[in-house]
Amino acid sequence: MDFAWLLQSLLNGLSIGSVYAVFALGYTLVFSILGIINFAHGAVFTLGAYLTYALAVGRFGINGLLSDLSLPLTLPFPAALLVGALLSGLAGMAVERLAFKPLRRRGADPLLALVSSLGVALIVVNLIQYLVGAEIYSFPSDIFGDLPMAVIFSVGGKPVAVRTIQIILFAASMVMLAGLGWFIGRTRGGKALRATAENADTASLLGISVNRFILGTFFISGLLGGLSGTLIGVSFGIAGPYFGVSYGLKGLAVIVLGGLGSIPGAVLGGLVIGLGEAFLPPDMSSYKEAVAFVLLFAILLVRPQGLLGGRLEQKV
Amino acid sequence: MALLEVEGLCVNYGAVSAVRDVSLSVAAGEIVTLIGANGAGKTSILRAVSKLVTPRAGVLRFDGRDVTGLPPEVLVRLGMAHSPEGRQVLARQSVGDNLELGAYVRNDRAAIAKDMERMFELFPRLSERRKQSAGTLSGGEQQMLAIARALMSRPRLLLLDEPSLGLAPILVSEIFEIIAGLGAMGTTILLVEQNARLAMRVAARTYVVESGGIVLEGPSAELAADERVTKAYLG
Ligand SMILES: Nc1ncnc2c1ncn2[C@@H]1O[C@H](COP(=O)(O)OP(=O)(O)OP(=O)(O)O)[C@@H](O)[C@H]1O
Ligand SMILES: [Mg+2]
Chain W
1 MDFAWLLQSL LNGLSIGSVY AVFALGYTLV FSILGIINFA HGAVFTLGAY
51 LTYALAVGRF GINGLLSDLS LPLTLPFPAA LLVGALLSGL AGMAVERLAF
101 KPLRRRGADP LLALVSSLGV ALIVVNLIQY LVGAEIYSFP SDIFGDLPMA
151 VIFSVGGKPV AVRTIQIILF AASMVMLAGL GWFIGRTRGG KALRATAENA
201 DTASLLGISV NRFILGTFFI SGLLGGLSGT LIGVSFGIAG PYFGVSYGLK
251 GLAVIVLGGL GSIPGAVLGG LVIGLGEAFL PPDMSSYKEA VAFVLLFAIL
301 LVRPQGLLGG RLEQKV
Chain E
1 MALLEVEGLC VNYGAVSAVR DVSLSVAAGE IVTLIGANGA GKTSILRAVS
51 KLVTPRAGVL RFDGRDVTGL PPEVLVRLGM AHSPEGRQVL ARQSVGDNLE
101 LGAYVRNDRA AIAKDMERMF ELFPRLSERR KQSAGTLSGG EQQMLAIARA
151 LMSRPRLLLL DEPSLGLAPI LVSEIFEIIA GLGAMGTTIL LVEQNARLAM
201 RVAARTYVVE SGGIVLEGPS AELAADERVT KAYLG
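So the protein sequences, as listed, match chains W and E.
Read in the working numbering, the first sequence has 53 at position 53, and its numbers run on one by one without any break.
Read in the working numbering, the second sequence has 16 at position 16, and its numbers run on one by one without any break.
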């Protein structure tokens with residue numbers, strides 16, 4: 001165990017963990033306002049990665065219905081990331097309109113929305129497969145223009161590398177987290193959002209348009225999902241239309257571990273799981289995908305409400 | 001012309017009928033009270049007026065305008081404020097933020113700040129606790145906050161559902177003094193109360209609700225002398 005390895009793992013863990021946090025916040029926001037998990041969040045994550053890919057590269061791929069189609073223009077990566085995230089936000093709004101609102105309006109059991117959101121997720125994933133095929137996509141390596149691929153420095157004679165994408169992951173995540181924290185904690189809209197989350201009837205009696213805030217929440221949630229999907233896609237490649245499924249499960253582990261409905265909990269949970277994966281000894285790296293669930297299991301044994309969750313009685 | 005007119009209002013919860021063919025009106029500047037036994041349908045009438053429940057039938061007019069199809073958040077903008085039964089304060093937000101959200105539909109920052117100070121004068125107990133989260137207030141303090149929050153929208157019509165519920169006698173009379181004071185300043189109020197005696201003292205007119213319908217109505221002074229009322233509600 002040497003210092004360079006520790007530092008390298010810490011950097012890797014912080015960058016990937018911050019993306020987990022951003023992704024998981026998308027679940028948390030919807031959960032805190034509606035009290036349900038939006039199972040389509042992982043599909044929006046996938047969709048965001050594909051959309052940004054198409055916008056940055058200008059074509060859709062080798063296979064599927066859209067294989068011959070190419071876009072008339074390509075966007076520089078930062079613009080593609082932004083437009084891809086905004087489109088994902090719109091996709092999030094569509095999820096609310098299709099899977100959640102119709103049930104809510106009929107006063108159906110909120111749990112039913114779990115099933116309908118899962119249905120939307122399946123449709124999106126299959127549509128992606130139909131349109132662009134099931135291959136693995138990798139963003140071209142020149143996507144950051146003139147930026148170097150990595151910054152390498154040496155610690156105690158051993159190299160430590162920080163990839164450019166890791167810096168982008170971390171910076172983009174921090175910007176999103178800070179912006180969200182400011183909006184929810186400091187602005188009038190944020191207070192109204194919290195009021196809606198606490199009691200929708202009371203909020204409407206204050207003149208707050210509950211449905212508009214719910215729709216806005218799905219927009220932000222979709223935006224966070226699409227953004228994190230793209231960032232992970234750039235970092236590790238887009239592993240096909242089912243790309244979002246495993247991250248979707250990992251995101252659920254993050255929010256349960258951090259404490260359901262808690263925003264700081266989602267951030268902490270993301271970082272804990274990211275760091276846990278990064279500090280896995282190299283000879284155990286094939287168990288990486290299990291880390292989230294082992295941590296989840298271990299922490300729930302000690303704290304059933306998650307790291308920063310309120311006491312369980314209060315939730316019921 | 002009446003500020004609020006309700007005609008033929010019916011409310012159902014599933015197959016259960018809670019309000020049947022209720023008509024009532026409240027004139028601008030008037031305090032009107034609805035009294036009745038538990039489960040008579042008083043809360044349901046208020047909830048239908050502010051659209052927390054969608055009425056099954058009936059017409060609602062506010063200031064002469066048909067508002068039957070409008071959702072609660074729009075009615076607030078038109079000047080209706082509803083302080084619901086069971087002091088629905090936002091427990092996780094501070095007293096100050098609750099009041100600020102009461103003025104959510106307003107944009108006149110300076111006047112909002114002034115009104116906030118006025119609420120703290122009206123309810124000094126809240127003033128000492130403005131940074132405290134509303135969930136930590138006592139029941140009576142939460143009730144005051146719920147009323148103050150409704151007033152922060154500068155409503156033209158205030159719907160108050162059981163403002164004295166669960167309060168110590170001394171607080172009950174304090175709350176009724178405040179209601180009478182609001183009335184004296186010209187606030188229009190539709191008041192639902194278990195405490196019929198006090199409610200009829202502050203209200204110019206009274207409606208008696210029984211199993212979902214209005215069975216008696218008239219000037220409070222007259223009804224207070226009516227044997228049917230004294231026996232059932234003032235006894
Ligand atoms: N959400 C609901 N679902 C089903 N039935 C309801 C619901 N709310 C009220 N009711 C029923 O409607 C009837 C009227 O209730 P409501 O709350 O309007 O009475 P109330 O006059 O306000 O009573 P109280 O003085 O006890 O507050 C009651 O029989 C009640 O059981
Ligand atoms: Mg009631």
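What the hints contain is simulated information worked out from the structure, not anything from laboratory work.
Even for Gly, the Cβ is constructed at its ideal location relative to N, Cα and C.
Misleading hints may appear alongside valid ones.
With beta-carbon atoms standing in for the labels, derived distance ranges [stated by the list, open to error]:
#1 E:A168 with W:G190: 35 to 41 Å
#2 E:R106 with W:E135: 36 to 42 Å
#3 W:K101 with E:D63: 28 to 34 Å
#4 E:R109 with W:D146: 43 to 49 Å
Verification of the supplied hints:
Between A168 (chain E) and G190 (chain W) the Cβ separation comes to about 36 Å, which falls inside the hinted range of 35 to 41 Å. The given range of 36 to 42 Å is broken by R106 (chain E) and E135 (chain W), whose C-beta atoms sit roughly 56 Å from each other. Under the hint 28 to 34 Å, the C-beta atoms of K101 (chain W) and D63 (chain E), about 31 Å apart, fit the expected range. For R109 (chain E) and D146 (chain W), the hinted distance range of 43 to 49 Å is satisfied, since their beta carbons lie about 48 Å from each other.
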